[in-house]
Amino acid sequence: DGGITQSPKYLFRKEGQNVTLSCEQNLNHDAMYWYRQDPGQGLRLIYYSQIVNDFQKGDIAEGYSVSREKKESFPLTVTSAQKNPTAFYLCASSIRLAGGQYEQYFGPGTRLTVT
Amino acid sequence: EDQVTQSPEALRLQEGESSSLNCSYTVSGLRGLFWYRQDPGKGPEFLFTLYSAGEEKEKERLKATLTKKESFLHITAPKPEDSATYLCAVQAPKVTGGGNKLTFGTGTQLKVEL
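Protein sequences appear in the order of chains A and B. In terms of the working numbering, the first sequence is numbered consecutively and its last residue is 115. In terms of the working numbering, the second sequence is numbered consecutively and its last residue is 229.
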C-alpha cells in the first residue's frame with residue numbers, strides 16, 4: 001500500500017524535552033511538508049523540503065528543526081524552544097502532475113501533548 | 116499575503132438536504148485551490164484541486180466549482196457519513212524548484228443528521 005505514515009499517533013512529553021516526530025512516505029514524492037493544526041486555526045506550515053538535503057522554513061518554524069537525508073523520510077524535531085508545542089502535527093507530500101499541476105496528500109497525524 | 120476564509124464555520128443538515136460550503140480567497144496569482152475532508156483525529160483526505168475560473172469537479176455527492184474570488188463545495192443529498200470538516204486551501208505563488216505551499220482556511224464543520 002502506498003501512503004504516508006506518521007509515528008507515533010500520540011506522544012506525551014515533559015516541558016523542556018526535545019521530541020522527534022517521524023514521517024515516512026513510499027509514494028516516491030519529491031516534496032514533503034510539516035504542518036501544525038490547532039483548534040479554530042487553519043493548518044500552518046512549519047517546514048517544507050522539495051528535494052533531499054534541502055529544506056526551507058515555513059510560516060512558523062521557530063522552535064522546530066527538520067532533516068531530509070532520504071527522499072522517503074522527513075522527521076520533525078520539536079525543541080524545548082517551542083513555546084506552545086502541544087498540537088496536532090501533520091506531515092504531507094506532494095506530486096507534480098502533467099501540466100504543472102500538484103496534488104498534496106497528508107499522513108494520519110501525530111498528537112503531541114507537552115505538560 | 117494569501118488569505119482564505121471559509122463559511123459557514125459549522126453547518127447542520129438533514130439527510131438529503133443539499134447545501135453549499137463557501138471558500139473565498141485572496142491570492143496573487145492563484146495556482147490551485149484545494150479541497151480536503153478531515154475526520155476527527157485524522158489527517159485531511161484530498162478531494163479536489165481546481166486551477167481556473169469556471170472549472171468544476173465532482174466526486175460522488177460532492178461538486179466543487181471555482182470563480183475568480185471563491186470556490187463552492189456543493190453537497191447533493193448528503194448522508195450522515197458525509198459529516199466531517201471540509202478544508203479549503205490555496206496554492207502559493209510558485210516556489211523556485213517546484214513543490215507547492217498551501218494556505219488553509221479554518222474549515223467548515225458539517226454535521227448530517229438522520
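Hint data in this document are derived by calculation from the structure and do not stem from the laboratory. The beta-carbon is built from N, C-alpha and C at its ideal position, and this holds for glycine as well. Where hints are given, some of them may not hold.
[What the hints assert, rightly or not] Partner residues aside, some chain B positions facing chain A, computed with beta carbon under 8 Å:
| id | residue |
| --- | --- |
| 1 | G147 |
| 2 | T182 |
| 3 | F187 |
| 4 | F219 |
| 5 | G220 |
| 6 | T221 |
Now the hints, each set against the structure:
1. G147: 6 Å, holds
2. T182: Constraint on T182/B not satisfied, violated at 19 Å.
3. F187: 18 Å, violated
4. F219: 4 Å, holds
5. G220: Holds. Min distance 5 Å.
6. T221: 5 Å, holds
In this structure, the earlier hints numbered 2, 3 are contradicted, and the remaining ones agree with it.
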